[in-house]
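> The listed protein sequences correspond, in order, to chains A and B. The working numbering applies: residue 148 is where the first sequence begins, and numbers increase by one. The working numbering applies: residue 148 is where the second sequence begins, and numbers increase by one.
If you're looking for bench data, these hints aren't it; they were derived computationally from the structure. A virtual CB, placed ideally from N, CA and C, is assigned to each residue, including glycine. Be a bit skeptical, because a hint or two may be false.
Across the chosen pairs, the derived CB separations fall in these ranges [claimed, not checked]: (1) ALA331/B to GLU216/A: 50 to 56 Å; (2) ARG170/B to ALA208/A: 53 to 59 Å; (3) ASP206/B to HIS203/A: 31 to 37 Å; (4) GLY249/B to GLU245/A: 41 to 47 Å.
This is what each chain is made of:
Number of protein chains: 2
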Amino acid sequence: MTSPVGLHRVVEPVGVLPQAAWRLDASPRVGPDEVLIDVERLNLDAASFRQLSEKHGGDGAAVRAEVLEIVTSRGKMHNPVTGSGGMLVGTVRAVGPESPLGLKVGDRVATLVSLTLTPLSVDDGLAGWDGLGEQVPCSGHAVLFARSIAAVLPDDLDPRLALSVLDVCGAPALTDRVVRGYAAPTVAVLGGAGKSGSLALVAARRAGAARTVGVVPVAGERERLVAAGLADEVVLADARDPVGLSAAVAGALGGPADVTVVCVDVPGCEHGAILSTVDGGTVIFFSMATSFAAAALGAEGLAADVSMLVGNGYVPGHAEFALGLVRAEAGVRGLFEARLAAD
Amino acid sequence: MTSPVGLHRVVEPVGVLPQAAWRLDASPRVGPDEVLIDVERLNLDAASFRQLSEKHGGDGAAVRAEVLEIVTSRGKMHNPVTGSGGMLVGTVRAVGPESPLGLKVGDRVATLVSLTLTPLSVDDGLAGWDGLGEQVPCSGHAVLFARSIAAVLPDDLDPRLALSVLDVCGAPALTDRVVRGYAAPTVAVLGGAGKSGSLALVAARRAGAARTVGVVPVAGERERLVAAGLADEVVLADARDPVGLSAAVAGALGGPADVTVVCVDVPGCEHGAILSTVDGGTVIFFSMATSFAAAALGAEGLAADVSMLVGNGYVPGHAEFALGLVRAEAGVRGLFEARLAAD
Numbered sequence: 148m149t150s151p152v153g154l155h156r157v158v159e160p161v162g163v164l165p166q167a168a169w170r171l172d173a174s175p176r177v178g179p180d181e182v183l184i185d186v187e188r189l190n191l192d193a194a195s196f197r198q199l200s201e202k203h204g205g206d207g208a209a210v211r212a213e214v215l216e217i218v219t220s221r222g223k224m225h226n227p228v229t230g231s232g233g234m235l236v237g238t239v240r241a242v243g244p245e246s247p248l249g250l251k252v253g254d255r256v257a258t259l260v261s262l263t264l265t266p267l268s269v270d271d272g273l274a275g276w277d278g279l280g281e282q283v284p285c286s287g288h289a290v291l292f293a294r295s296i297a298a299v300l301p302d303d304l305d306p307r308l309a310l311s312v313l314d315v316c317g318a319p320a321l322t323d324r325v326v327r328g329y330a331a332p333t334v335a336v337l338g339g340a341g342k343s344g345s346l347a348l349v350a351a352r353r354a355g356a357a358r359t360v361g362v363v364p365v366a367g368e369r370e371r372l373v374a375a376g377l378a379d380e381v382v383l384a385d386a387r388d389p390v391g392l393s394a395a396v397a398g399a400l401g402g403p404a405d406v407t408v409v410c411v412d413v414p415g416c417e418h419g420a421i422l423s424t425v426d427g428g429t430v431i432f433f434s435m436a437t438s439f440a441a442a443a444l445g446a447e448g449l450a451a452d453v454s455m456l457v458g459n460g461y462v463p464g465h466a467e468f469a470l471g472l473v474r475a476e477a478g479v480r481g482l483f484e485a486r487l488a489a490d
Numbered sequence: 148m149t150s151p152v153g154l155h156r157v158v159e160p161v162g163v164l165p166q167a168a169w170r171l172d173a174s175p176r177v178g179p180d181e182v183l184i185d186v187e188r189l190n191l192d193a194a195s196f197r198q199l200s201e202k203h204g205g206d207g208a209a210v211r212a213e214v215l216e217i218v219t220s221r222g223k224m225h226n227p228v229t230g231s232g233g234m235l236v237g238t239v240r241a242v243g244p245e246s247p248l249g250l251k252v253g254d255r256v257a258t259l260v261s262l263t264l265t266p267l268s269v270d271d272g273l274a275g276w277d278g279l280g281e282q283v284p285c286s287g288h289a290v291l292f293a294r295s296i297a298a299v300l301p302d303d304l305d306p307r308l309a310l311s312v313l314d315v316c317g318a319p320a321l322t323d324r325v326v327r328g329y330a331a332p333t334v335a336v337l338g339g340a341g342k343s344g345s346l347a348l349v350a351a352r353r354a355g356a357a358r359t360v361g362v363v364p365v366a367g368e369r370e371r372l373v374a375a376g377l378a379d380e381v382v383l384a385d386a387r388d389p390v391g392l393s394a395a396v397a398g399a400l401g402g403p404a405d406v407t408v409v410c411v412d413v414p415g416c417e418h419g420a421i422l423s424t425v426d427g428g429t430v431i432f433f434s435m436a437t438s439f440a441a442a443a444l445g446a447e448g449l450a451a452d453v454s455m456l457v458g459n460g461y462v463p464g465h466a467e468f469a470l471g472l473v474r475a476e477a478g479v480r481g482l483f484e485a486r487l488a489a490d
């Protein structure tokens, strides 16, 4: 039996998880619970591409050569400097008889687990890529484990829109679950006009929030979020300013929020989020800029009896849930499409 | 009206919380919801004292002078290099009529909020301290806000034992709350022989855990924890090794834990804790060495549907709850007393 988390694919050092491994076995033999993907494109993590591009002074051929060297030597696209990977798009070539992922041959999928733990082999030398952008067209194969996550790309949505939604699909699913744990709660979303923030706002409303407020840092975002109609209130505040933020949230909701969702990707928002949340409430931190110590010590220093959740990017059914929100809510879809058009 | 979080005591920069302030107003005028403490001793944070002692090459007089300079210039004992403070012990001198803390004049108390946000003034030049240890006998006063936390020192326990318990009292209280959210769950405590870990183990058992396992890194701790009788099983494993740890936990509990409590203060325990926890379970991270990103990305990479809580050091009633456990559980008390005797 193969390991559901892919331990059998770890070549060195033996015994660690695939993400921590230096090298994976990317051979196309499919274990009983594995899935083999024909890869058509890699989306490199933004931090990884930036590091490579800066290292080589924007020389696309050199960037391409290094990406190829990483994949060849490690059996995965795991940037050793940034520690990050990305995701991939491809088509299912083979499905082991015991795979629990529900995929079938021919499905066009995007992987929702990081490339840093996904066995990958490239067979075209990345000839179709100029090395100048994060989107890497390529030919090769990749392997999913029993506990990997992949989403079938929908026929009815622009693939770029779908990928953009799938990238943040954990946020609305976890927001939905937390909001349903309260009776008609008030909900504040910091960074409400962003990708994860706008999805969290509509998820909260649909999950039974009595009142929602989207907090944004600049007037342009306020206008866009008001026009999209996703929140009962939209307020302008700096999420790094605990006093100003909590006053703005309390003003909009009639008191501190029952649930506060942090989708602002800048450091220093922990104390403001805690101070904006009522005793007995919950703060969900989705921002990767969150400091564990600032959150833990901040709540203690404020004698704040709030539950603080690390925003787990995985909730069962999260991909379909997020895509469903974008289909049903024209306001969210409009924000995503405007962002894609501006890229 | 004064601010419950002490904004009215912030001198500069104006508008930030007391912890973020450079300088606080430590005047002994008591606001309507404040409490004034006659200070008898400061317990400097270990990291803060170490930094000061190393900076001055162990010269106690120089360390003493710098601590005095910090308190005088900042109105609080907030080490500007380490960013840390400590706690204090003293006696209540005055209580504002609207203070919600439940303290009365003459109570001997320990503060459970950091010295980094506590207005403090010293009036004896720290003459009774040699500058060679973290315990600073002194004379002066300090101020508590409405949302500060202080515990009355019990008459029936050695003050050193009580302080040692109060230092980690958030862990058993939050463990109790989380375990009660499940029906007869299995519970794993990583670092089960330590201060917070041993308290979490007995809290879990009393809250209705069906089976508990304490995980420890070395044989000596295993012997001590087995002898204390706090867990159904005690196993030896490196919490930084996800595969070994999860196998050890599953072996002891008959499968992954419903609740995993991380009390190991070393980096790199996130993936092991997640892999040791069943889908639908909860991981509580009490270790200040926890990486937010490692937890968030690790759960996603493992497709683990686990709730991950930032271990909030404040839960209402946490001090009395922890002291009660130590009174009632000879095994825990023995571990604490052995640790104090070894200091």
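> The structure should be examined with respect to each hint, and the outcome stated for every one.
We went through each hint and held it up to the structure:
no. : hint                             : in the structure
1   : ALA331/B to GLU216/A: 50 to 56 Å : holds (53 Å)
2   : ARG170/B to ALA208/A: 53 to 59 Å : holds (56 Å)
3   : ASP206/B to HIS203/A: 31 to 37 Å : violated (51 Å)
4   : GLY249/B to GLU245/A: 41 to 47 Å : violated (59 Å)
In terms of the numbered hints stated before, the structure departs from hints 3, 4, listed from lowest to highest.
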